[in-house]
Each structure stands twice: as structure tokens, then as C-alpha cells.
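Given these sequences and hints, build the entire structure.
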Amino acid sequence: MKPRTVRISSILNRFRCSLSEKGLPRFFAVTGFSVFAALSTAAFLGETVSIAAAVLTAGIAILVMGIRRKVELVPVILLSVSLAFSLYAWAYHIQAEPFEVLDQTKARIHATVLEGPEEENHKYYYKLKVTRVEEVPQLGNFTVRFSTNQALFCQPGDEVECLAGFYTFEEGGLYSAKNARLAKGTVMGAYLAEYGGTFVIPAETKSLLAILWEVRRSLRRCVEGLFPQEEASLVRAMLLGEKDGLSADVESDFRDIGASHLLVISGLHLSALAAFFSLFLSLFRLGRRVKNLLTAAAVLLFLILIGFPFSAVRSGIMLLLFLFADCLGREADSLNSLGFALLLIGVLNPFSGGDVGLALSALSTLGILKLQSGISRVINRPFQNRRYLRRAAAPLTASLSVSLACVLATLPVQLLVFDGFSLLSPLSSLLLVLPGTLLLYTAVPAVVLSLVPWLTPAAAPFRLCAGLLAQLLLRGADGLGRLPVPFAAVSQWGAVVFLCFLGAALALCRLGGRRRTVCVSAAGMCVLVLCLACGLENRALQSGTTLAVADEGEASCVVLLQDGKAAVLSLDGYNTGAAASILKRANVREITSLRLSADSWEAAEAARRLLRKFSVKQVIRQEALYLGKELAGLMEGIPQTVFSEELSYEAMEGLEVRLTEEGALLTFSAEGVDTAVETGKTERGTCSLLLTNQVESSVNSSFTVLQTDDIIEETESGRARFCISAGESRIIWLRLKDGTAAIRRED
14 MKPRTVRISS ILNRFRCSLS EKGLPRFFAV TGFSVFAALS TAAFLGETVS
64 IAAAVLTAGI AILVMGIRRK VELVPVILLS VSLAFSLYAW AYHIQAEPFE
114 VLDQTKARIH ATVLEGPEEE NHKYYYKLKV TRVEEVPQLG NFTVRFSTNQ
164 ALFCQPGDEV ECLAGFYTFE EGGLYSAKNA RLAKGTVMGA YLAEYGGTFV
214 IPAETKSLLA ILWEVRRSLR RCVEGLFPQE EASLVRAMLL GEKDGLSADV
264 ESDFRDIGAS HLLVISGLHL SALAAFFSLF LSLFRLGRRV KNLLTAAAVL
314 LFLILIGFPF SAVRSGIMLL LFLFADCLGR EADSLNSLGF ALLLIGVLNP
364 FSGGDVGLAL SALSTLGILK LQSGISRVIN RPFQNRRYLR RAAAPLTASL
414 SVSLACVLAT LPVQLLVFDG FSLLSPLSSL LLVLPGTLLL YTAVPAVVLS
464 LVPWLTPAAA PFRLCAGLLA QLLLRGADGL GRLPVPFAAV SQWGAVVFLC
514 FLGAALALCR LGGRRRTVCV SAAGMCVLVL CLACGLENRA LQSGTTLAVA
564 DEGEASCVVL LQDGKAAVLS LDGYNTGAAA SILKRANVRE ITSLRLSADS
614 WEAAEAARRL LRKFSVKQVI RQEALYLGKE LAGLMEGIPQ TVFSEELSYE
664 AMEGLEVRLT EEGALLTFSA EGVDTAVETG KTERGTCSLL LTNQVESSVN
714 SSFTVLQTDD IIEETESGRA RFCISAGESR IIWLRLKDGT AAIRRED
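In the working numbering, the protein residues as written are 14 to 760.
Mixed in with the good hints there might be a few duds.
[Claimed, not checked] Here are the simulated DSS-like pairs of lysine-lysine, each with C-alpha atoms no more than 30 Å apart in a straight line:
(1) K136 to K256
(2) K142 to K256
(3) K142 to K219
(4) K197 to K219
[Claimed, not checked] Simulated restraints on C-beta separations:
(5) L314 to V430: 26 to 34 Å
(6) F297 to G387: 26 to 34 Å
(7) E643 to A473: 31 to 39 Å
(8) E131 to L294: 30 to 38 Å
(9) D257 to A310: 42 to 50 Å
(10) E344 to V430: 31 to 39 Å
(11) T218 to C513: 41 to 49 Å
(12) C513 to D257: 22 to 30 Å
(13) G693 to M538: 48 to 56 Å
Keep in mind the hints are simulated off the structure, nothing from the lab. Everything numeric in this text was worked out from a predicted model, so none of it was measured. C-beta: ideal position from N, C-alpha, C; glycine also.
Quick look at the structure:
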């Protein structure tokens, strides 16, 4: 008697059918999205609330199952949510909480280099695994983001011994710096406290980390040898996920037009890699299963090489499921695959809910799966009776429908995190996604073929095409960024109101049986609320007089907005794009006066970005301020006013500004409010509203905005009746009217 053969595909089919019979046709989609939503909520609420939420949802799930006595959708969702809350609380208690005692302390550490260096803001950042803290021996085996002013002579796998200062990352909000770093495996921040006594011990044997680092370095050098510098940095970002070579202007261009997803490794990039290997393997006589397995191995090796970023892992898991399903002669369910990817990522990394990149990647994929077909039908409706025209326009309508689906699906995150969305996003995707896709399809063979000496000549045509496409992308992003298309800004309260209406609309569609009239009415209601929120925010920023104060640590960045124009009163700080972001948010195109208030590379970089992006009418600077060749070239043809000690100038039409104390104190009066901007140590003064980065300010004021994270101190000469810290908010908006200042924070 022949033994019975059990096929894997038949087992999977029986499992799927059993779930379908019990009302769970897409088990992984339900559990995956439930876990991801719960992990995001846990990252927002914190560890303590997560424990209570886990117990509550588990109790409700047990109660429901006791009543129903069968597997249903609600208990599965509740149990998944309870599991996610429990995982987050456990991970935080084990991996993060014990090491917070090191905050604001210095200790000598022994650590292993995991990644780096990554250059950012003229500093070098490394990812270190701390194995021992000499002052606290019981602490060890945790990861920090380590910064130095000078690069260390080390590579991944080497040991480092040094004196380090520790600090915790900024909290507040779902996608705060702390949650983002925890999602990437970094518990705390650290910096090199002193260079004396710092030792780097090379690894005795070459570790896997060192091998991967050398492979990445070889690929980086290969790309840099194939293309000019600017094009090479773009190709590196799109192929290897390395953005450190991109200039601030390029990143700003792609971000402003809503096309920054092209610079993040995702499904588009992995699909290009898989397509190249599949095409290459088709040259050999290999079966379908062998070819799929080899392609899957190439995808896995690529994910290992780039360090498993969330967006790439999500798309990689979905691609692997597609390949494995094809090996079994089946077709993978895309929604189930997405849910399984989110479930696997969430179980392996409970902090993943705090990563905004994963949220945008998952929501955009969900939008393509659920919204793209309906949007495509609406767009193609005018071409229904014109077959040839419909075929000719098919590539454009497909690209536009995918772009709109992604924008609509990610709209909640964009409103809450980025305070609005770019109206250029659909147009930029329509124009740049196709060149970006072709760039990937030509850059991959160009790099792979150039690595083999005897195949280098074959890489030449791919290299030429990739270089031209990279130039097209760069010039296209720059050109689109200069178009006078407004940014759809929404206040935080407006975003919350819109999301409430969106939830109500979805519930209405569900209760209404998804009838067309109900869905159209609900969609129209959401569009009306969104337009109203955008209009109110734009009116608030465009009319009247508003002061915007950016969080710049110990520096000062203050912008005055009035009737659609802006005057930059102070410009400095680590975030060189803060002033440009404020102006973009307010849809300002003209800067009536730009004051260069500090002699630092951060201030020079911020000024360069403003001069490049906006029309500047006049520049105010001190006589001793060094400009540099590039900045001086951008200022050529713009009227400049140079002063040494004191100056009075017209910052805006009808608004006189006075500079004293060698530029350390700027005073003016607008809407009946006497305002002072203090950027350095000054003598005594008096005003109604003081914006200062001096903790021990000598200026008397009724209200003070302190532009540091410190607590203001009362001195014999200076006193503040009321004070808030700009370090507690990303931007503070002060609307001046009738002698008062209305305050609004943005975290």
C-alpha cells in the first residue's frame, strides 16, 4: 500500500477554508493591522497605560468568546490588540527603562561598533552596542546613537573605550524622536565627552558586520565611480538607502513636492531588483521554482545588506510571499500578505509602531490595494467610449490613480505629523515615478555589471541611461519645487476634527451597505471639512501679524508673517530648514527682509536655502559677518544693509525695526505689542513680549518665550511675569492683535 503524500498547498488551502467558514477570510490581514494599530497606540500612550490596555482588551475578548463560544472577528481583534500592548510593555520594561538612569550622566563605556559613521550637521554618528558601563557594572548590552565632532578611525565590529555622556531622546507625540529611535533599536543618545583616553581596538577576526560594511563601501565606491557626484548621491539613496550624500537642497526639493518616497527603499525598489535577477536567471534553463527561490535569496541578501529598514522589510516580506506562493502554484493575497508583514514586524520589534516611515509605507500600500481600482475607474470614465484614447492614456491614468490612492490613504498621518500635505504630490508622482522606475531598472544592471571586470563594457549603456534619468529627476524636482503651488496647511485641531469626520464617514458607509449615494455623500462631507480646515488655517496665517518661533535648541529663529509676506528677524540653529518650513507652511513667496543674525555654518546654510527658494528684497547683516563665496553669490543683486552697532530699518511696509547692542537686541512694535528679540547678552530693557535664548535675560517683559530647554531665572534686573519654553514645542505661533498675543503650540 502506497503511503499517502501530503501536499503543503492542500494544508494551506484547508487552513484558509476553515478560517473562511468561521468568518475570518483574511486572518493575517485582521491580526496584522490590529497589532500594528495597537503598537502605534502603545507608542503614543506609553508603557503604563499599555499594561492597563492589555488587561482590559484581554478581559473583553474572553468575555465575548464566553458568550459567543466560537471564533469571530471581534475576539481575534481584541486578542491581537492585547498581545501587542503586552509586547510593547514587556519590551519597554526590558530594553529601555533600565538604562534611563544614565540620562544626563557621564560614564566610561566599552562598546562594539555596529554601524557608522553617518555624517549629519557636521557631526559623525555611530550606532554602538554598549557591553559594559564601568561606573554601573550591572548595566550593559544596550544600543546608543553615539556622536562625535571628529570621525573615529574604526569600522563595524571594532571595540571602543571612551568617556561618554548620555541623554534621552525628545518625547511627546506618537512619532517623537524617542519612539523613532526605539523603533530603530536605539535606546539612548550619547556623545564623546572627551577625546583623551579614547581607545579603538580593532576586531581580531572579521565579523559579519565588517564584511557587510565593506560590501556597502564597495558598492558606494562603484556608484560614485559610475556617475557624477550629484547623480551618484541620488542613485546611492535609491539603491542603498544612504542619504548622507544627498544635499539639503535635494532632500528639501523632494520633500516639498511630496515625492520623498522615491528616496526611500520600498516595493518599487525591490521590484526592480527582483525583476533584474528574474530576467538574468531566465537566460539559464531553470525551473520556475528554482528561479523564484534564487530571486528570493537575492532579495534577502539585499535586505541584509541595507540593514532591514522598515519600509524595505514590509515590501520584502510581501515579495517573498508572492515568490513562495508562485512556487506552490498559488496566487498570494496582497492584503493578507501586507497584514502578515505588519504582524511579523510587530512581533519581532514591538517599538515599530513609533516609526512614521512604516506607517506611511503600510498605508500607501493599503491605499493602492483598496482605493486605486475605484479611482482608476473614475479617471477613465471620460474615455469609456474612446478605446484608442483610453489605451494611449492608460500609463498616465494608472500612475495618477496610484498617486491619488497613496495620498488619500496616508492623509491622516500627513495631517498629524507634517501639518498638511503638498498639493503638488499627485503631479510630482505623475511626472517623476516613471523616470524613477526607469532609473532603478537601469542603475541596478549598471552597478552589477560594472562589478565584474569582463562585463564592464556591457554596463556602459545602462550607465548612460541611469545618469540621464538621475539628472531628469533632480532637475524635475527642482523645477516643480519652484512652482507657486500652495501647501495645504492644517492646524492640529483642524486635523483632529477632520479625522473625526473621516471616522464617522467610514462608519456611515459601512452601515449604509456601501451604497453609492451614501459613499459619495460621506466623501463629499470629508472633502468639505478638509477644505474648510485648510482655508481657515491659510486665512489665519495670511492675514494679520503673526510671529513664528522655531525650536532651535540654544539658538534663535524668529519669523514675522504679515499679509502673505515675511520678515526673518533671526536665523540660526541646528535645524537649517526651520525658517523655510515656516514660510512654506504659510505659503509665503516673498521675504521683505532677511536678517543674518549669527556667524555660524548653520545660519549660513539656512540663509542659503532661503535665498535659493524665495524672493528676498533686502538683507541685513553685521559688518564683521563672514559670508563665503556661495552665499555671497546668491546675495548678488540684492540690496544689503551693513551695520556695526545700531541700525533702524523697515522690515516690512510700515514696520520699523531697531537693532541695538551690536545686533543682540531687536525691537519693534506691531498691533500694539512692544516686542523684543534677544539673541545675545544685553543691558536692561523693557517690552511687552520678549523672545530670547538668554536664560539670565536682563530685559523686563510681561511675557517671555524662552528659546532654550532651560528654565528662566529671575535676576536683579530682569523679570518675566509669565514664561513658556520653545523647547517644549516644535513651533510656537504668536498672533498679535489689539495689544494681545494669542499663543498656539505645535508639538
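For each hint, the structure was consulted:
1. For the hint pairing K136 with K256, the CA-to-CA distance comes to about 15 Å; that is within 30 Å, so the pair holds.
2. The straight-line distance between the Cα atoms of K142 and K256 is roughly 23 Å, inside the 30 Å bound, and the hint therefore holds.
3. Pair hint K142 plus K219 holds up; C-alpha atoms about 17 Å apart against a cutoff of 30 Å.
4. About 24 Å separates the Cα atoms of K197 and K219, which keeps this hinted pair within 30 Å; it holds.
5. Taking 26 to 34 Å as the suggested C-beta distance range, the pair L314 and V430 conforms, at roughly 33 Å.
6. In this structure, F297 and G387 break the distance hint of 26 to 34 Å, their C-beta atoms being roughly 42 Å apart.
7. Hint check: E643 to A473, Cβ distance near 34 Å, so the stated range 31 to 39 Å holds.
8. Distance hint check for E131 and L294: the Cβ-Cβ separation is about 34 Å, which falls inside the suggested range of 30 to 38 Å.
9. The given range of 42 to 50 Å is broken by D257 and A310, whose C-beta atoms sit roughly 29 Å from each other.
10. At about 35 Å, the CB distance of E344 to V430 agrees with the hint of 31 to 39 Å.
11. For the pair T218 and C513, the beta carbons lie near 58 Å from each other, so the given range of 41 to 49 Å is not met.
12. Under the hint 22 to 30 Å, the C-beta atoms of C513 and D257, about 40 Å apart, miss the expected range.
13. Between G693 and M538 the CB atoms are about 52 Å apart, so this pair conforms to the stated range of 48 to 56 Å.
In the structure shown, a violation is registered for the earlier hints numbered 6, 9, 11, 12, in ascending order.
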